[in-house]
Amino acid sequence: MAPRAAPFLLFAPLLLFSFMVRDGRAQESDTGQGAQRFMEYCAGCHGADAKGGDKAPSLLSPGSTIHRSDSELFHIVRDGTQGGMPPFAQIGDANIRAVLQFLRKLENNTPAKSVSAEIAVTGDADLGRALYFGRAQCSQCHLMQGKGGFIASSLTHYGRNRAADEILKAITTPDTPLTPSSQVVTVTTSTGQRLTGVLRNEDNFNLELQSEDGRYHFLARSDAKDVHYTEHSLMPRDYATRLSAKELNDIVSFLIVSSRNPPPEKVGTR
Amino acid sequence: MRPANCALRALTVMCLLLGLRATNAFGQAEKARARSAGPHATSSADANGAINVQQKDLLQKPVAGNWPSYNGDYTGARYSSLTQITPGNVGRLTAQWVFHPRVVSPLEVTPVVVAGIMFVTSANDAYALDAKTGNVLWHHVRAVSPGLIDDPGQHHNRGVAILGTRLYMETDNAHLLCLDARSGHLLWEVAYATSNKNYGATSVPLIVKDKVVVGISGGDDGVRGFLAAFDAETGEEKWRFWTIPGPGEKGNESWPGDAYLHGGGATWMPGTYDPDLNTLYWGTGNPAPDYDGSVRPGDDLYTSCLLALDPDTGMLKWYFQFTPHNLYDYDAVQTPVLVNTSLKDQQRKLIVTANRNGFLYILDRTNGKFLFGRSFVDTQNWAKGLDGNGRPISAGLIPDEKGERVCPANGGATNWYSPSYNPATHIFYFRSFEACALIQSNTRPFAEGQAYYASGIRTTGETGKSNINAFDLDTLDFVWRSLQFGRNKGWGGVMSTATGLVAFGDDAQNFVVVDGRTGKSLWHFHVGQSVHASPMSYAVDARQYLAIAAGGDVFSFALP
Chain G
20 MAPRAAPFLL FAPLLLFSFM VRDGRAQESD TGQGAQRFME YCAGCHGADA KGGDKAPSLL
80 SPGSTIHRSD SELFHIVRDG TQGGMPPFAQ IGDANIRAVL QFLRKLENNT PAKSVSAEIA
140 VTGDADLGRA LYFGRAQCSQ CHLMQGKGGF IASSLTHYGR NRAADEILKA ITTPDTPLTP
200 SSQVVTVTTS TGQRLTGVLR NEDNFNLELQ SEDGRYHFLA RSDAKDVHYT EHSLMPRDYA
260 TRLSAKELND IVSFLIVSSR NPPPEKVGTR
Chain U
31 MRPANCALRA LTVMCLLLGL RATNAFGQAE KARARSAGPH ATSSADANGA INVQQKDLLQ
91 KPVAGNWPSY NGDYTGARYS SLTQITPGNV GRLTAQWVFH PRVVSPLEVT PVVVAGIMFV
151 TSANDAYALD AKTGNVLWHH VRAVSPGLID DPGQHHNRGV AILGTRLYME TDNAHLLCLD
211 ARSGHLLWEV AYATSNKNYG ATSVPLIVKD KVVVGISGGD DGVRGFLAAF DAETGEEKWR
271 FWTIPGPGEK GNESWPGDAY LHGGGATWMP GTYDPDLNTL YWGTGNPAPD YDGSVRPGDD
331 LYTSCLLALD PDTGMLKWYF QFTPHNLYDY DAVQTPVLVN TSLKDQQRKL IVTANRNGFL
391 YILDRTNGKF LFGRSFVDTQ NWAKGLDGNG RPISAGLIPD EKGERVCPAN GGATNWYSPS
451 YNPATHIFYF RSFEACALIQ SNTRPFAEGQ AYYASGIRTT GETGKSNINA FDLDTLDFVW
511 RSLQFGRNKG WGGVMSTATG LVAFGDDAQN FVVVDGRTGK SLWHFHVGQS VHASPMSYAV
571 DARQYLAIAA GGDVFSFALP
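In order, the protein sequences belong to chains G and U. First residue of the first sequence? That's 20 in the working numbering, and the numbers climb one at a time after it. First residue of the second sequence? That's 31 in the working numbering, and the numbers climb one at a time after it.
The following block holds chain U by itself, in its conformation from the complex:
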C-alpha cells in the first residue's frame, strides 16, 4: 500500500485501513516473511494489487519491487536494486510460471510490473497477469492490422507504459491506445501516423510528466520520422518533432524536393529522460533509402542521431550524429543510458551508448559534447576512426549494384536489445555482434506499400560471432567479453542487479545469469525458444523474480 498515493487521492485513512485489513486478512504480511527481497523491496507497497502509478514511482531509481516502465527507470540502466538473488544462491533459481499469450511473432516485450501485476503485450493484445502465478487478470483483444509491411508487418510490440490507473501502448499501425489498467478496457485511441501507409509502430510509449511520448517505425520504408507527445488524460497532441527537417529548416539541404517526406529517421525504441535537466533523450534510425545515398546528399540530419529535446515543448536542445550520411543501415536507437560518474577524474552527467555502427560513445548529456569513443568490434571497415568531435572518419565505402563488403553488417555491431549499467561497479553491459555483409545499392523511387532500402544485402560467407561485453567506465576498457556459442543469433538484451548479477538470453535458447565481475556463468535455463527480448526483475511479497519473454512465452523465475 502506498500511503502517499492515497493521500493524493484524498483517501489516506481509508486506504491505510484497507491496506492493513487486506494484509492481515490474507497473511501476506506473515508470508512477506522471513524472506526479504532487498532493502528497497517493501512488500506491502509492491503486493497490494492497487494500480496507481505516480510520478514518484516513475522517478524512482534504481527500481526495486516495481518495474514501472520498459527500461525500469528513466536512466535506461535496466538495473534492479533487489538483492534477494545473489551469486551465491542463483544456482537454485527455479521457473515459477510460463505465460503463453496468443502470438503472431516472437515477443519483444519487456514486462512492466506494478503492485504485483504484470503487464505484457503480444502484437496488439495486452494482458494483465498475477505476477506471482502468471494467471490472466484481463486480456485486451485487438487483431493485428492488415496491409502493413516490413517491421510493423511483423507485429512486434515492446510493451506498455502506465500512469495513474491508465495503460498506454502502441499498435502495429501506429495508434496510441489508452486502456484502463484495472480492466483492460479502451478509454481512447489516437491514430498518430496517417500520412504515409508505410508508417507503423513496434515500440513502447514513454511517460514524461503529464505526457505520453511515442515514436514510429518504417524508417526502412520511406516514412518521415517523428516523435510525438500526447496529453495522458485526453489524448490531445501536444507537440511533434520531425526527425527529417522540412523545407526552410536547418538540415533540409540533404533532402531535395520532397525527399524529406521519405527520409526515414524512425524513432522505434523508447528514449530516456533526465528530470533534473528536463531533457528527453531519444535515438533516431537510419536515413531512407537505406543504401542509396545519392538521393540524400550531406549528413542527412537528423537520422542516426541522439536527440536531446525539451519534453514540454518538443524543442531540440542539441543533437549528436553517430553516422552522418549513413549508407549501412546503422540506426542509433540503442538505449542512451544516463550515467552519473566521474570520467577522467571529473564528476559528470553522461550518456553511455554502444552504437550499431560499432563504436561505443560517452557524451556529456548537458550539451551533447563528445567525450570518449572507441570501436568495440574486431572487424570494422566503414570508418577509419573517430575525430576529436566524435565524427567518424569515413573509409569511403559506397554500396553499388555489385555490392560492397561492409563491417559491421547492416544488422549492426549491436542493436535494439537493451544494454545495462551497474552504478555500484561502474560497468556497462551490452551485447555485440561481429559480422560483415555485401551491401548492394541502386536508385529507385519511393512507393507506398513497398520497403525503401533501395537494394539489399548478400552474405559474405563469413561466420559471425556474438559477445556479451562488460565495459568499465573507470578504466575505459573491457572487464570481460564473453563469446556466445549457439546456432541462434541472439536478440536478447541484458540487465544487471545490485548483487552484481547480469542476466540475458543467449544464442542457444537459454536464459542465463552470469557474475557481472567475471562473466562466469552461474545459472541457466533452457527456454526452448530464441530470445528476442530483454529481461527485468520485480518483487512481490518480498520475493524477487527475474522475468523474460522468449519466443512466444513469458517466463518468470525465483528462488524456491
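Pulled out of the complex, with its shape left as it was, chain G reads as follows:
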C-alpha cells in the first residue's frame, strides 16, 4: 500500500478538484458538492475543518464518523440527535449523502480524484532520474522513494496530481509561496553567536531550528538578539540557468512518472 502524503484537511485541493470535466461539460463532483454543503450547513457548529467548534464536537474524533456506518450517520444528520443536533431533513437526502461522502473523504485523507493520469509527460524520465540523483543534486535534500536526503520535503508523491508547468515553476522559482517550515533563518544570540537553520516551528517564546546536519536547535526567543528571516528555503534559486529547458523537463517528467510508480510493496514472508 502506498503511503499517503497528502496533507490533512486541505479544503483548497478538495475544492480545486470539485469541478471536473465529465462528458464534455462542467459538472460538480459529489465530493465538491459535499464540501460546499458541509460549509453551508455543518461548519457553523462543527468547524470549517470538521474538528469541532464551540457548539458541536469534532467529527473526526473517537466514536464519531469513523466508527459509524453510513446509514447510522445518515439518520443522525436527517433526524438530529437528543444531544441537541437539529435535524437536516430539509436539505434533502442527496445533499445529506454528499456531506457524508465528504466526511469519509476527510477521514480517509485521500485526494478527491487523481488527475495524474491526465497530465502529459513530455520529457525523458530516465534522464531526469539521472539528473535528480546526479548533477542537479536534488536527492541531496529531497527523498524519493526511500532514497535521498532529509532536510527538504519528500518528493515520492510530489508529482501526483500536479501539472508539469506547476512543477517546473516550483523548481525554477522556488519559495513562491514559501512554506513556513522550510524557511531559513539566522539567529544571532545575545552573545553574538550566529546559527543558521530551517525554522521548523516558532512562537512568541521559542524557535525550533534544524541545521543541515539534521540536528535540531531549541532556542528561547528571549535569548535571541536578532532573528533574520531570509524569506527563502534551502532550495537553490538558479535552476533556471543551471539546467537547460530540456533537462528541467526531464526532471519534471521523472517526478511525475515516479509518483505514478510507487516502489513495489514489500511483503513479509507470509
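Think of the hints as simulated: they come from the structure by calculation, not from any bench. The beta-carbon is built from N, C-alpha and C at its ideal position, and this holds for glycine as well. There may be inaccurate statements among the hints.
[As the list claims (entries may be wrong)] Pairwise CB distance ranges (calculated): (1) U:Asn370 <-> G:Arg213: 48 to 56 Å; (2) U:Arg122 <-> G:Pro282: 51 to 59 Å; (3) G:His251 <-> U:Lys86: 38 to 46 Å; (4) G:Asp68 <-> U:Gly177: 24 to 32 Å; (5) G:Gly99 <-> U:Lys432: 38 to 46 Å; (6) U:Arg488 <-> G:Met58: 26 to 34 Å; (7) G:Gly63 <-> U:Gly177: 29 to 37 Å; (8) G:Lys244 <-> U:Asp502: 21 to 29 Å; (9) G:Gln159 <-> U:Thr124: 56 to 64 Å.
[To be verified] Only pairs whose alpha carbons sit at most 30 Å apart, straight line, appear in this in silico DSS-like list of lysine-lysine: (10) U:Lys379 <-> U:Lys268; (11) U:Lys347 <-> U:Lys280; (12) U:Lys91 <-> U:Lys379; (13) G:Lys188 <-> G:Lys166; (14) U:Lys239 <-> G:Lys166; (15) U:Lys91 <-> U:Lys280; (16) U:Lys347 <-> U:Lys374; (17) U:Lys379 <-> U:Lys399; (18) G:Lys285 <-> U:Lys239; (19) U:Lys227 <-> U:Lys268; (20) G:Lys285 <-> U:Lys227; (21) G:Lys70 <-> U:Lys519; (22) G:Lys166 <-> U:Lys86; (23) G:Lys285 <-> U:Lys268; (24) G:Lys124 <-> U:Lys227; (25) U:Lys550 <-> U:Lys495; (26) G:Lys166 <-> U:Lys268.
With chain G fixed as given, assemble chain U onto it according to the hints.
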C-alpha cells in the same frame, strides 16, 4: 552531545566543536544551570537535538534523560534514574505543555524521548516534538486503514522505536514503517501480515541489535500469531516465529485440521530483552476462539505463554504457559519485567509478571523455571491454585450458551497497562482490577472480517474495583494496595523513579504521583480525560519532566 556517537561516525572533532559552539551560543550550558535532574542526567547529551540512537543508548539501564524505547530500557522496569522530582517537591509539579495530535481513539502511546526530541504516535500518524515546548518539529501523516475490525479497527498505537537516525512504527494494518527520524519521511515499509484480513497491529516495535521485532494483533479474531524480525537497515525479514505450531510441530495436537491458522496467540505488546543471556522475552495472547475450547483440545500452545527466544534466529529457548487451555481471554502479554535480585537468599535472574489470570509469577529467566506464584485478587474462581510447576489447577469452569460466572472477568485482573519495578527498593508496582463476568460460548466457524470470540460476555451485576499494588520481592508480600476511586475504570500503567515516586493515571481522569513506600498521594493533576497509557520521564537541559498520554492529548509536567 555524545562524543562516542560522533566517533562512530568518524566525526569526533567536528561533533565536539559543534556541540561546544551550540552550547555556548544559546546559553544552554548556563541554563543547564544550577538545576540538576540527577546524577545521570548529563544535559549536553540530552539536549543536543541530534538524533542518533546507538546500541549503548538502548542498553543503558536504568534510563536517565533519554527514554529511548517504549518501556524505557530493555528490562521493562519503566524506572527512571532521574532524581530532580522528589517526594519533597513533587507537590509543586506544574503542567508545561499539552500536545493535541489528530486523534481517532484514546491514545495508548508512551512517548519516546531522545536528545530533547519527543516522538509520539496517534493511530498511523507520527510526530516529533520539542520535548521542552510540545511544538511540532515534523508530522508524518498517514490515514487510518479502512476495513479493519476489533482492536486494530480502533487504530490504537503504542509508539515508536528508534535506532540511529531511523524511526520504526507499526500501522493499524500491520505494516512496519521505517521513517527518517530527522524529517518524518518514509524510507520503506513492509506489509508483514497479509495472509488473513483480520490481522492488524496496535503495538510498538522493539529494536534488538540490528533487527526490528514486531508483533501482531487480531488474536480475538482468528489470526495465527507470530513474532517477526526485520533487518533495521533494509526491511528484509530475518525470522518469524509462529505462536501456533503448524502440522508436524510440537503442540500442533491442539489444532486439528487448519485450526492452527486461526488459533490466536497474538503478540500485541512489546517484549523485553536480556543482552547477557541473548534472550528475547515476549508474551502471547489468548487462543482463538476465545471462549469455545471444544475446537482446540489440550493446552493450546503457545497461547497465553511467555516465550524465550534467540533474537538472532527466532528459535524458541523455552516457554512458560500461564493459562493452558484458556477459556477466559486471559492474554499473557503483560510486560515480563527482568529483575536481578535475591530470592529466598539466592541471587537470581528473574522475570516478574502479574498476569491477566490473577496470579503474580516469578520465573527463573535463564530456564523458565517457576519459582513463585500467588493470587493477587480477592475474587478468583477459575483456578484452585498453582501446582509446584506453576501450572494452574483448574476449577473446571467451562463457558456454555447460558454463561458461566468467571473471575477475573475476561478483561483480566490486570492487563497491558505497564507495571514497574524499583531496583532500589525491590518493589514491583502494577495496576489490578477485580471483576467477574458471565462468559458465554457456542461453536461457530471462523470467518474473515468477523471477530472470533465464539460468543461473548454478560455482566454479573457485581461492582468491580481497581487497585494500584506495591509488591515487595524481599518479603514476597504486598507493601501496600491502594484502592482507586472514580467512574472511569483505569487503563493507566505505572512507572517509578529513583526518588521513590510512582506515577500513574487513576480512575478519575487524574495523573497522580504517590510515595512508592506508602502509596500516599503526593500530587495530582486533572487531565480531564481517561488515561489509557503508561507514563514516562525524561530530562532536557537538566530539567526532569514526567509525561503521559491521556485521552487525545499528551501532557508534560516539570517543577517550576
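Against the structure, the hints come out as follows:
1. U:Asn370 <-> G:Arg213: 48 to 56 Å: holds, 50 Å
2. U:Arg122 <-> G:Pro282: 51 to 59 Å: Holds, since U:Arg122 and G:Pro282 (Cβ atoms, about 52 Å apart) stay within the stated range.
3. G:His251 <-> U:Lys86: 38 to 46 Å: The hint (38 to 46 Å, Cβ to Cβ) holds, given that G:His251 and U:Lys86 are roughly 39 Å apart.
4. G:Asp68 <-> U:Gly177: 24 to 32 Å: holds, 25 Å
5. G:Gly99 <-> U:Lys432: 38 to 46 Å: holds, 41 Å
6. U:Arg488 <-> G:Met58: 26 to 34 Å: violated, 45 Å
7. G:Gly63 <-> U:Gly177: 29 to 37 Å: holds, 33 Å
8. G:Lys244 <-> U:Asp502: 21 to 29 Å: violated, 56 Å
9. G:Gln159 <-> U:Thr124: 56 to 64 Å: Violated: the Cβ-Cβ distance is about 43 Å, outside 56 to 64 Å.
10. U:Lys379 <-> U:Lys268: holds, 28 Å
11. U:Lys347 <-> U:Lys280: Holds: U:Lys347 and U:Lys280 sit about 14 Å apart, inside 30 Å.
12. U:Lys91 <-> U:Lys379: With a Cα-Cα distance of about 15 Å, the restraint between U:Lys91 and U:Lys379 holds, given a limit of 30 Å.
13. G:Lys188 <-> G:Lys166: holds, 24 Å
14. U:Lys239 <-> G:Lys166: Holds: U:Lys239 and G:Lys166 sit about 23 Å apart, inside 30 Å.
15. U:Lys91 <-> U:Lys280: violated, 37 Å
16. U:Lys347 <-> U:Lys374: Distance ~26 Å between U:Lys347 and U:Lys374 Cα, so the pair holds.
17. U:Lys379 <-> U:Lys399: holds, 11 Å
18. G:Lys285 <-> U:Lys239: Holds, because 22 Å separates the two Cα atoms, which is no more than 30 Å.
19. U:Lys227 <-> U:Lys268: Given pair U:Lys227, U:Lys268 holds - Cα atoms ~23 Å apart, limit 30 Å.
20. G:Lys285 <-> U:Lys227: holds, 17 Å
21. G:Lys70 <-> U:Lys519: Satisfied, since the Cα-Cα distance of roughly 27 Å is no more than 30 Å.
22. G:Lys166 <-> U:Lys86: holds, 27 Å
23. G:Lys285 <-> U:Lys268: holds, 14 Å
24. G:Lys124 <-> U:Lys227: holds, 23 Å
25. U:Lys550 <-> U:Lys495: Status holds; Cα separation ~18 Å.
26. G:Lys166 <-> U:Lys268: holds, 22 Å
Violated hints, in rising order: 6, 8, 9 and 15; the structure is consistent with all others.
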